[in-house]
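Student: Keeping their order, the protein sequence lines are chains A, B and C. When we follow UniProt numbering, the leftmost residue of the first sequence carries the number 1, and every step to the right adds one. When we follow UniProt numbering, the leftmost residue of the second sequence carries the number 1, and every step to the right adds one. When we follow UniProt numbering, the leftmost residue of the third sequence carries the number 1, and every step to the right adds one.
Only true hints are included.
Partial pick of chain A residues on the chain C-facing surface, computed with a CB cut under 8 Å:
| # | residue |
| --- | --- |
| 1 | VAL42 |
| 2 | PHE43 |
| 3 | VAL65 |
Using C-beta positions, here's what the derived DEER-type ranges look like:
| # | chain 1 | residue 1 | chain 2 | residue 2 | range |
| --- | --- | --- | --- | --- | --- |
| 4 | B | SER47 | C | ALA440 | 29 to 37 Å |
| 5 | C | GLY160 | B | ASP52 | 46 to 54 Å |
| 6 | C | SER44 | B | ARG56 | 47 to 55 Å |
| 7 | C | ASN377 | A | ASP111 | 53 to 61 Å |
| 8 | B | ALA83 | C | LYS392 | 52 to 60 Å |
| 9 | C | ALA453 | B | PHE80 | 52 to 60 Å |
Chain A residues, not near chain B, derived (Cβ > 12 Å throughout):
| # | residue |
| --- | --- |
| 10 | LYS2 |
| 11 | GLN57 |
| 12 | THR92 |
| 13 | ASN110 |
| 14 | LYS125 |
| 15 | CYS127 |
| 16 | GLU128 |
Calculated from the structure, these hints are not laboratory results. Backbone N, C-alpha and C define an ideal beta-carbon position, used for all residues, glycine too.
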Amino acid sequence: MKQEDLLYAKTHEWVAVAKEGGTQIATVGISAFAVEALTDLVFIELPAVGKQVEAEQPFCEVESVKAVSDIYAPVDGEVVAVNSALPDTLETLSSDPYGAGWIAKIKVTNDANLAKLLDHAAYQKQCEE
Amino acid sequence: MPYHYNTPEDKQAMLSAIGAESVDVLFDSIPAELKLGRRLDLPPALSELELDQHLRELASRNTPAGEAVCFLGAGSYDHFIPAVVDTIGSRSEFYTSYTPYQAEASQGNLQVMFEYQSLITELTGLDVSNASLYDGASAAAEAVLMAISATGRHGKVIVPESLHPEYRATIATYLENLATEVVTIPTSGGVVDPEILSEAVDEETAAVVLQQPNFFGCVEDAAEVNRITKKAGALLIAVFDPMSLGVLKRPGDYGANIAVAEGHTLGSPMAYGGPYLGIMACEKSLVRRMPGRIAGQTVDRRGNTCFVLTMQTREQHIRREKATSNVCTNQGLFALRATVYLAQLGPQGLRETASLCLQKSRYAAEQLCQHERFSLAFEEPTFKEFVIRDRENRVDDLLKSALDRGYLAGLPLGRWYPELADCFLVAVTEKRTKAEIDGLVSTLTKASERVSVPATV
Amino acid sequence: MRNSRDTQLLCELSRPGRRAARLPACDVPERDIADLLPTEATASSPPALPEVTEPQIVRHFVNLSTMNMSVDTHFYPLGSCTMKYNPKRNERAAAMPGFADLHPCQPEETIQGMLALLYEMQEYFQEISGLPACSLQPAAGAHGELTALLVAAAYFKDLGENRSKVLVPDNAHGTNPASAAMAGYRSITVKTTSDGFVDMADLASKLDDEVAVMMITNPSTLGLFEPHMREIADQVHARGGLIYLDGANMNAILGITRPGDWGADMQHYNPHKTFSGPHGGGGPGAGPICVIEKLAPYLPTPIVRKEDSLYALDFNLPKTIGRVRSFFGNVGVLVRAYAYIRTHGPDGLREVSENAVLNANYLLSRVKHILPVPQGNRCMHEFVASANTLKKDKGITAMDIAKRLLDYGFHAPTVYFPLTVPEAMMCEPTESESKETLDAFAEVLFRITEEDAELLHDAPHSTAVSRPDEVRAARQPVLTWAALSEAN
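Build the full structure now, drawing on both the sequences and the hints.
Tutor: The following block contains the structure:
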């Protein structure tokens with residue numbers, strides 16, 4: 001996925017929304033900026049498939065040696081898939097954050113929060129500040 | 001004072017460097033109205049000689065094991081401590097250091113933690129161990145919290161009455177303000193009744209806590225308890241006696257997911273109940289929910305193998321309110337002593353110690369039960385402790401008269417088990433000789449003769 | 001050193017057939033184990049412990065010990081941990097058979113000396129804190145926090161009040177919010193100001209009738225006495241809440257001021273810090289708590305009582321929270337603390353705090369010219385310097401300095417705590433250090449800040465091990481010998 005085409009949360013998650021049948025599926029990951037800031041990630045605790053998530057609430061965690069960071073859901077919905085290869089290949093979070101480094105797919109039940117997300121240019125600006 | 005350096009000249013020099021007129025000024029940030037304004041009401045200072053004399057006088061008002069023959073158990077035992085344990089345990093570099101926050105200045109402690117963890121996993125047959133918790137009871141409570149978090153089941157935990165009453169009380173206290181209920185199941189035959197357990201366990205059950213050998217000294221059918229527990233999808237928490245593993249199956253071998261123990265018996269004194277050593281080991285899949293410090297092996301910048309504290313994101317100093325536990329200080333010195341003790345014993349030493357406990361305790365039970373006044377309260381096989389029923393139901397008098405003859409003969413059970421008010425718990429370690437056991441038997445028997453005069457009350 | 005034969009792992013030293021322990025022959029008629037225990041419960045062989053000799057054990061562990069820094073060998077200014085001298089007379093006391101060889105279930109008439117000592121400790125702790133009731137049961141400071149919060153919860157339950165929150169300042173030890181969560185409370189963070197004090201406006205915005213307890217460390221983790229202490233206590237009390245004092249820093253105020261006199265309702269002690277119990281490479285500690293009268297009925301049991309000249313254990317507190325561990329408490333640590341208090345007496349304890357505060361202020365006066373101390377010119381028993389400027393200017397971090405100090409024979413201060421100070425270096429010299437040592441430390445610190453950044457990034461240079469790869473340790477955990485052979 002091209003990072004220019006993605007939406008971003010202020011909390012550094014990226015989101016790609018696709019229509020599958022009648023439902024919207026949001027693929028979620030964390031930005032290259034966030035991965036770099038977190039430094040030396042050592043563990044990710046993926047959410048359970050089927051978990052109901054709420055926009056702007058933590059739904060999964062990444063850990064570096066001496067810090068734990070929450071990853072926030074960008075939309076309301078249900079986790080329908082997780083990148084189960086990720087815990088054993090954490091390096092993909094930095095090598096391919098917008099592709100193989102995806103974290104979870106969420107079936108969107110309420111897309112109201114999508115409007116609050118930033119486009120690439122706005123997110124870049126936030127990171128520069 | 002013996003431990004300060006500052007001479008009046010030092011103080012003057014230091015104060016002028018600080019720019020303060022007096023030491024009192026340094027406390028100016030404390031509002032005057034909050035200051036004590038008087039001396040603490042404490043006894044005056046003692047010289048080392050006076051202190052020593054005073055402490056010896058206090059100690060002389062106690063009757064330690066050694067002055068009386070100790071048959072007390074119930075989670076604290078009079079096992080032998082080899083000299084080498086004291087020698088290593090009193091090395092300044094071990095006992096006056098702290099948690100290895102700077103790995104380079106603490107490789108000794110870190111390697112000891114790694115060796116300790118390795119020995120505990122070998123002992124328990126489980127994958128991982130932490131670097132110690134406070135004691136057996138609080139370790140059991142922590143294991144319950146772990147099981148609730150791992151299973152996501154907040155409904156209940158099951159504790160049989162054959163689990164140490166103080167462990168049950170500790171678990172109940174820890175869970176008092178959480179959603180999970182502690183369900184106690186009766187063990188009237190001295191061990192868990194599979195039918196009662198099956199009734200009690202359900203899909204809301206996070207864990208069953210099984211003590212093996214149990215509080216009464218009886219050997220439980222751990223495999224059956226495990227089968228029932230797992231069928232309901234709950235976790236099995238084993239509370240074990242480290243010494244018993246010289247002859248009994250290891251918790252991991254009968255299916256325990258988490259194993260905890262009181263580890264003071266591995267080279268640390270009874271010390272009136274503490275400090276002790278909380279042992280905890282678990283399956284690999286549970287390690288991120290485990291409380292306490294964990295040491296791991298890695299390499300340094302030069303490529304040398306070395307040790308560090310690891311998986312610290314579980315802990316309170318990083319995860320704060322979301323931590324697996326609030327534990328910070330642990331029992332490092334006793335983990336060291338346990339490590340030395342287990343190395344000293346080796347596999348054969350552990351087996352022989354366990355075997356001596358087993359043989360001697362069974363001999364003691366048999367000898368006592370030859371007398372018509374005494375019988376075993378339970379028919380189940382026992383390891384190093386057993387419950388004796390006094391058919392005359394005068395346990396307190398009996399134990400008192402034994403004490404007068406120099407025997408700490410046993411622990412009355414009525415305080416915890418009203419239905420066992422006529423019973424007492426006897427523990428026999430490898431330290432008890434045949435002569436001491438025979439002495440106990442003859443004392444209790446004689447006491448029996450003395451009080452067997454018909455009571456007129 | 002690390003790879004010398006002497007510090008191999010025990011499992012590497014093991015050879016089949018070696019042994020260190022010989023046990024007595026069985027002197028009772030011996031029976032086949034199969035006759036005594038059900039075969040399904042027994043193990044066919046004992047656990048595979050290492051097989052080594054006693055000389056091997058001694059050489060192994062003594063060599064390992066030499067790879068540690070300790071209070072007896074080095075200046076150890078690890079802030080918040082009060083690494084003071086551990087008197088040897090205390091060790092002798094705790095090892096006396098009359099204390100060490102007591103079983104916790106012995107009849108009271110056989111432990112009158114022990115109970116007398118413990119009774120006196122309850123009294124001393126109450127007097128020093130200004131709080132009238134005491135439980136010696138908790139096993140460590142964090143355990144004391146949990147116990148006290150459970151006591152508070154039982155109290156509120158008894159009152160029929162439903163309170164769900166515990167307030168914790170953002171510079172508190174991590175144990176505070178973790179204990180609150182374990183006790184079933186929601187931990188709410190209260191901000192501190194750039195001066196390091198509780199932000200009174202933020203407190204006001206968070207203080208409501210849901211608040212059960214405010215936990216406060218005073219002197220704070222920044223080594224400062226909270227100027228609004230009385231006001232904070234009054235405000236919390238006005239809303240029906242309780243004040244918990246984290247007693248980690250009691251070493252600064254012994255005999256000078258008492259938590260009970262400023263409105264604390266509960267507090268724990270760390271006898272292994274304040275009263276010189278050795279830290280044992282991680283423990284044991286102890287965590288006795290003192291509380292106000294109205295909380296006394298909820299304390300864990302037993303409590304030691306004195307009637308006439310006899311001492312007894314009181315299990316009869318109908319409203320007790322129960323117990324938080326087995327048996328009485330970490331008695332061995334309390335015996336040492338008793339010896340320490342009796343050695344000092346009231347004036348001596350005050351001198352402990354005076355010298356601890358004098359030493360800390362002296363070190364501060366020397367360090368502040370080398371590294372900024374954001375929270376000012378004065379401190380209590382410890383202070384927090386910051387390497388933030390040095391990091392910006394030269395790329396030298398608090399960690400670099402900490403590691404380099406080891407090369408000069410000093411243990412490092414606590415680094416990166418509290419979280420509110422960037423590149424924090426928390427120094428607590430304690431009273432049992434000399435001016436010469438503090439001077440030497442300050443001089444070395446200055447020298448280090450003048451050193452080449454590259455040299456510091458690779459420090460320490462003189463230790464057997466340097467900069468362990470913590471990322472690797474966490475990503476591929478190797479936690480046992482067994483995992484080691486799997487990894488290879």
